[in-house]
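Peer 1: Spelled out from the first residue to the last, the chains are:
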Amino acid sequence: MKSSALPRLTTTAIWLAAAGSASAAPSFTHDVMPLLSRAGCNMGACHGSGSGKGNLKISLRGESPAGDHAVLTQNVRSKRLNVDDPESSFLLKKPAELTEHEGGKRFEKDSEEYRVLHDWIAAGAPMDPPDAPVLTALTVSPPQAIVTGPARDVQLTATATFSDGTSRDVTRWAVYEPSNLLPKVTRDGLVQAQKTGETTVVVRFEQLKTPVRLAFIADRPDFVWNAPAPRNLVDEHVFAKLQQMRTLPSPDCSDTTFVRRAFLDVTGQVPTRQEAESFTAETDPDKRSKLIGDLLERPAYADHWSMKWADLLRVEERILDTKGVAAFHGWIRQGVAEDRPLDAFARDVVASLGSTYENAPANFYRSLREPTQRAEAAAQVFLGTRLGCAKCHNHPFERWTQDDYYRFSAVFDRIGYTILENKRKDENDKLEFVGEQVLYLNNQPELNDPRTKKPPTPALLGEKADLPQDTNHLQSFAEWMTKPEHPLFARVQVNRIWSHLMGSGLVDPIDDFRLTNPPSNPALLDALTEYFIQHGMKAKPLIRLICQSRTYQLSSTPLPENADDTLNYSHPVVRRLPAEPLLDAIYRALDRTPDFSSYPDTKTAAAIPGVKLGARKSKPTEDDRFLKQFGKSPRTTTCGCERSDESSLAQVFTLTSGPGIAEVISASDNRLAALADPAMDPAEAVRDLYWRSLSRPPSAAELEFLSPLLAEPATRRAALEDITWSLINTKEFLLRH
Amino acid sequence: MSACSSFHPSGLLSRRSMLRAGSLGMLGITLPKLLQASSQYTGPKPPVRAKSVIFLFQWGGPSHLETFDMKPEADENCRGPHKPMRSASPDIEVNDRLPKTAAVMDKVTLIKSVHHKMTNHNSAGYYALTGKAPPSDDQRLRESIELFPGYGSIADKLIERPDPAMPTYVSYPHIISDGTPTPGQFASFLGKKHDPLYVPSDPNDAGFSLPQFSLPTGLSIDRLRHRRGLQQFIDQQAKLMDFSAEAKGLDEYYAKALGMLNSTRIREAFNLGAEADKMREAYGRTTYGQGCLLARRLAESGVKFTTCYFSDSIGGQKTDGGGWDTHGFNNTRMYPIIEQYHLPITEQTLPTLLLDLEQRGMLDETLVVWMGEFGRTPKINANISRDHWPHCYTVLLAGGGTKRGFVHGSSDETGSHPATNPVTPDDVAATIYYLMGIDPRSEVMDAQGRPIMISSGNPIMEVVA
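Taken in sequence, the protein lines are chains A and B.
As numbered in our numbering, residues 1 to 737 make up the first sequence, in order.
As numbered in our numbering, residues 1 to 465 make up the second sequence, in order.
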């Protein structure tokens with residue numbers, strides 16, 4: 001696709017006249033406002049910032065034409081804007097840099113922008129008449145495109161449709177924002193990709209936004225699709241996309257890789273030697289599917305997947321207290337173990353009140369003590385939507401307005417707390433609670449819309465209708481949200497499970513669903529969602545489906561043809577084990593149990609129910625520190641991003657020279673005690689270490705290199721410790737591959 | 001969830017409201033001066049004036065009225081028993097119990113009009129450590145990815161060409177807290193790789209060294225190298241490093257960790273034993289004194305930002321430790337406590353550090369910041385002590401491109417409110433970044449992917465030499 005010639009545009013002043021305005025003056029809403037957006041005047045870093053810039057504050061991204069008109073025309077015979085002498089107006093001189101302007105030159109003096117602004121000022125800087133047509137649609141052509149190299153250019157054309165039925169080419173007046181750095185987009189809508197890859201360009205005109213998904217793929221004339229047949233719907237859609245992108249999936253992974261991967265993903269634990277060895281030796285062609293079925297029924301599955309929910313639902317002791325954490329975690333874990341449908345689970349979370357000890361899911365609102373907090377959390381966890389931006393201004397990348405924000409927040413208003421007792425240890429900590437609380441609906445609105453200073457009228461997110469006054473709004477929200485036809489709920493649950501297993505969401509970040517952040521494979525997300533709904537919105541069937549696919553079982557070793565792919569699942573992207581599985585894997589390799597000051601009876605990191613409040617009495621153990629350092633979530637927000645899977649130098653110091661790891665390796669009663677027995681064949685000792693730590697046998701070369709190190713009885717124990725250290729510090733051990 | 005708090009420079013007067021303030025003559029602010037700072041700063045990227053910053057955080061909140069902003073003319077309920085003395089700068093008087101400090105006032109800039117509204121240690125401390133107003137004045141404000149990282153973490157993120165062999169940001173010897181750890185000491189949403197190299201050991205201990213360098217018993221550096229050899233051999237078998245960026249990145253950390261364990265440069269930087277006894281005595285054989293000496297060594301070896309915390313706790317009730325929080329609680333009294341502990345330790349360390357930096361020719365390129373989270377009440381309380389006072393207090397800057405013997409801003413006759421040139425912690429932050437050569441308007445992405453300016457304040461151009 002080569003850039004086509006730009007359509008010739010008549011001046012906006014004229015086209016508005018054609019659209020039925022009586023005046024020949026440019027329209028403030030349809031000419032001046034887009035111009036200010038296009039010149040960047042109302043960006044967050046410029047005059048759109050909360051405090052404005054250089055004594056001028058206009059609405060962020062032009063969300064409020066009326067307000068901006070009032071600001072700009074406060075005094076029509078001022079330095080800023082002078083209708084008697086338009087050219088002296090700062091509104092013209094500054095952006096054309098005819099006088100000093102911190103924001104630099106935004107347009108030339110002889111540009112169309114200058115002329116439109118000038119003509120508007122000269123006409124008296126009028127606001128549009130109340131009956132002026134309004135923008136009703138913004139269409140962009142092409143709506144999406146796959147561009148095969150060597151061409152890397154796509155010309156976008158934007159058309160605005162107005163309420164009087166007219167439509168105009170606004171290509172030259174729209175704003176173009178790519179989702180990543182892959183392409184450059186000229187001010188006239190020409191997208192130029194720098195290399196192959198995918199991007200979304202959001203085209204904005206006035207307050208409408210239209211995303212255009214573009215893929216730029218290498219021209220591979222010799223490309224031959226020769227992947228194996230799809231095993232299930234996951235493969236059908238992943239392979240279809242790969243084929244379209246002229247990319248091949250990597251080959252199948254080995255049994256030893258699979259057994260480690262499946263154990264870690266499904267149960268958060270590495271297999272024991274016996275489990276890994278017998279799985280590898282098994283000849284049943286269906287053994288992988290059988291293993292997945294087996295793993296899903298284990299207690300470790302419930303521990304591992306409850307941990308993910310506990311992160312999101314803020315299961316921690318500062319606010320919930322020890323008893324509340326036990327109740328809430330126990331309730332979550334039971335639901336996960338029983339594979340309770342996620343719609344029922346979610347309804348209980350968002351609509352439960354009563355005693356936080358007796359009715360465990362009420363703890364969700366025990367943590368969230370303000371209506372806006374509850375609304376933001378419910379939207380983020382269950383609808384994958386980040387509403388936060390709309391608290392202060394209309395969401396820049398979504399349709400949510402401040403009205404939506406406050407009306408939705410009002411759904412979560414009127415929750416009262418009866419604090420039966422509070423034996424907090426720190427009198428000054430207003431968010432520490434120790435004791436039972438009873439949550440109830442009251443008639444006291446506490447939320448005011450800061451703009452009107454009045455309680456907003458409750459409405460469900462994106463719905464026009466007010467919620468009836470005398471109903472339980474939490475119930476209404478719960479029912480509305482979990483209807484199978486809700487456009488977000490099921491998709492968000494599916495996407496989160498997909499992301500846990502595959503390393504990244506089809507929509508990514510997983511809690512940022514929006515028009516301008518479309519899924520990388522929409523057909524796959526649709527199909528998975530349909531499957532999920534058909535299977536009663538249960539997690540286990542979906543996990544089984546994904547894990548049984550060829551896609552899940554691909555080798556992480558890339559092919560030359562797919563090495564650049566990080567988006568389409570041609571091979572798993574290698575990532576670090578999360579804190580808990582990593583610590584548990586170290587202890588399992590050495591037959592020891594970790595030690596947590598906070599939860600001394602807990603035998604694995606994955607089973608820890610909550611996060612303790614500080615450590616005033618008991619000092620954190622090395623294992624507590626390990627979990628924190630490797631990114632265990634402190635659970636102070638409902639964002640999954642609080643858990644960190646990045647690596648750091650400090651982590652590597654802990655692994656290389658930290659006292660905790662040294663203690664596990666050197667403990668006299670660990671697994672090495674048996675292996676140190678000179679009677680045991682050195683090769684067998686090496687094999688044992690390999691199976692326990694890496695879930696695979698040593699290669700011939702490894703056996704040949706390492707076994708002789710164990711030959712000398714006097715140094716055998718030390719050599720075993722050295723080999724063990726090396727094994728748990730290999731990338732193969734630390735990374736999920 | 002505090003949406004967008006960072007978009008709003010709360011506590012900062014908008015220019016419009018400043019215009020109003022000017023026209024009403026509030027606070028006696030003169031309008032041209034008010035607007036000067038923001039109108040002067042237009043550049044995109046300032047030059048590097050301070051190659052290193054030494055941030056001496058005075059936890060607990062030192063009294064401005066007993067240090068650098070004395071009010072001898074005020075009535076006895078305010079002025080207190082201490083007397084001021086003249087200093088090496090004609091414009092500056094200091095407590096006469098700080099004669100050595102007075103003698104170096106020709107090297108410093110005092111900002112006497114810093115003000116904000118946070119009355120609790122953790123909220124005010126977070127504000128001081130980040131330059132970002134917290135979402136609420138919460139006494140137990142806690143670390144969260146919704147809060148902002150400290151200056152050193154921002155510097156680590158934004159600084160160009162960091163030294164690969166040295167950490168950018170080092171902090172020690174405490175994690176400060178008041179009930180809960182004070183937020184602003186770590187990298188928050190910037191991620192763990194921008195955390196400081198935090199050293200939880202006492203630089204005044206005989207065997208002080210980086211704990212990361214002390215290997216567990218039975219593990220010699222040679223044995224560790226041997227293990228690394230085995231690890232590399234096994235890594236080669238799996239070939240993950242041939243293609244995985246994550247694996248390669250992780251291995252780089254191993255190379256770096258082993259390199260640091262072997263490095264003489266970083267080891268040397270932390271080796272206080274290399275200092276002459278006379279020098280160590282000069283700084284004082286205290287945790288804080290040796291911490292200040294360590295800060296100088298770190299600046300010398302290329303660390304960009306060093307935070308040395310005066311104390312781990314807000315303190316204020318004893319004479320052998322703790323911070324500046326001298327309310328007179330539990331029948332204690334502020335004056336004997338600061339006379340015996342806080343003022344002498346300040347008198348021993350601050351002038352020693354400034355003179356040492358000057359003597360080594362480092363002061364012009366090293367910014368020293370001495371500040372607490374707030375000052376103390378102008379009115380002496382019933383315990384003959386002072387309580388929290390964020391509405392006006394003094395911050396001391398020295399070196400790193402700041403003016404010498406200079407005072408910016410002033411307080412009213414009782415030290416209660418700024419009289420001229422009010423400055424917020426946002427402005428102090430912008431000034432620190434500006435002096436480091438970091439554009440205070442730089443943006444970083446927060447946990448929700450929103451672009452947030454690292455400072456909403458304006459660099460105080462008047463203090464730049």
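Please note that a few of the clues may not be correct.
[Stated by the list, open to error] The list that follows gives simulated cross-link-like pairs (lysine-lysine, BS3-like), each with its CA atoms no further than 30 Å apart:
no., chain 1, residue 1, chain 2, residue 2
1, B, K239, A, K184
2, A, K53, B, K403
3, B, K45, A, K184
4, A, K453, B, K117
5, B, K192, A, K308
6, A, K628, B, K45
7, A, K53, B, K117
8, A, K483, A, K538
9, A, K53, B, K248
10, A, K93, A, K184
11, B, K157, A, K53
12, A, K603, B, K192
13, A, K57, B, K239
14, A, K109, B, K45
15, A, K195, B, K193
16, A, K425, B, K45
17, A, K430, B, K45
18, A, K628, B, K192
19, A, K612, B, K193
20, A, K425, A, K603
21, B, K193, A, K619
22, B, K100, B, K192
23, B, K117, A, K57
24, B, K318, A, K628
25, A, K105, B, K278
26, A, K430, B, K192
27, A, K241, B, K248
28, B, K239, A, K241
29, A, K612, B, K248
30, B, K379, A, K308
31, A, K619, B, K192
32, A, K195, A, K241
33, A, K93, B, K45
[To be verified] Just so you have them, the derived chain A footprint on chain B, three or more residues with Cβ under 8 Å:
no., region
34, 157–165
35, 445–451
No wet-lab data here; the hints were simulated from the structure.
Small disclaimer: the values here were computed from a predicted structure and weren't measured.
Every residue gets a Cβ at the ideal spot worked out from N, C-alpha and C, and that includes glycine.
Peer 1: Run the structure past the numbered hints and jot down the numbers of the failing ones, going up.
Peer 2: As far as the earlier hints go, 1, 6, 9, 13, 16, 17, 22, 24, 25, 29, 30 and 34 are violated by this structure, in ascending order.
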